[in-house]
Amino acid sequence: MEPLEIADKIKEKFPEEVLDIREFRGQCSVTVRKGKVLEIARYLHDDPDLYFDYLVDVCGVDYLGKKDNRFEVVYHLYSIKHRHFVRLKAEVSGNDPKIDSVMPVWIGANWHERETFDMYGIVFNGHPDLRRVLMPEDWEGHPLRKDYPVRGPEKEWPGFLDVLERSKRFGEYDWHG
Amino acid sequence: MMAVYASHNDLDRMGIIPRGSPRQSDFMFVAGTVTKKMSQIVRRVYDQMPEPRYVISVGSCANSGGIFNTYSTVQGCDTFLPIDVYIPGCPPRPEAFIDGIIKLQEKIKNEHFRWSRWR
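Heads up: the protein sequence lines correspond to chains Y and X, in order.
The end of the first sequence is residue 177 by this note's numbering, with every number in the run present.
The end of the second sequence is residue 119 by this note's numbering, with every number in the run present.
Heads up, some of the hints might be wrong.
Stated by the list, open to error - Derived DSSO-like pairs (lysine-lysine); straight-line CA-CA distance at most 27 Å: (1) Y:K67 x Y:K11; (2) Y:K168 x X:K36; (3) X:K107 x Y:K168.
The set of hints was computed from the structure by calculation and includes no laboratory data.
Produce the entire structure from the sequences given, and follow the hints as far as they go.
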């Protein structure tokens, strides 16, 4: 199917949920409300004409100060059978960053959602194991948020302070010429 | 690093033979960006090496953090390791690599006391 046909099909099925449809260079993005994202995902996966059986990626976006809803979760979908793509975006508010997990539909969303949680602090309801995946488990804050300082917070991560302390302690036994 | 081990430059001819374990090694390369999370493991690998031991820091990222002056990156692995030779470059040429190793060999040759039986 052509990208805009896919978007129209989603709009037809969920007229209340679709906020915006954009096409750029043959790629189509559909912005939806976050409430029924799991139902939309289920429809995209199960409908025989759409049949999006491959979840390419889940990412987050932070629109701090640029949009009313601060976060956006972006799902890149591909159909191996029909060879077509679509990009699904769900808006998530800043003061209550929660959205349903799409794990029941695509099991591969597991680590993608963990990464999005790690970097943006967006909580995925119904995720079986929502832990950090890249940063250490005792890390504070979510680094890809726009209000996170690029060079890290004032307080150093305790794990690295441990390494520095240990290196100082063991340094006594090094060869000093 | 791949190029310098391959047949064109061939580190084996200088007696540099990769070992599978830090416990069998005399020196180690720190190659690539060291993150804060990884620094614990790098330090542990170094601690497992038997004396006498040497460290070569390879490339801008390991030397100083390189372009990554960010929350997750260690600004130079010399913050927690005693480095003997720094190899500059992003990425270093194989020639720079070999030069760094020759520098280390010269350094080892000059450390008479460390290698004598009176130490």
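Hint-by-hint comparison with the structure:
A C-alpha spacing of about 23 Å is found between K67 of chain Y and K11 of chain Y, which places the hinted pair at or below 27 Å, so the restraint holds. About 16 Å separates the Cα atoms of K168 of chain Y and K36 of chain X, which keeps this hinted pair within 27 Å; it holds. At most 27 Å may separate the alpha-carbon atoms for a hinted pair to count; K107 of chain X and K168 of chain Y meet this at roughly 23 Å.
Checked against the numbered hints given earlier, the structure satisfies every one of them.
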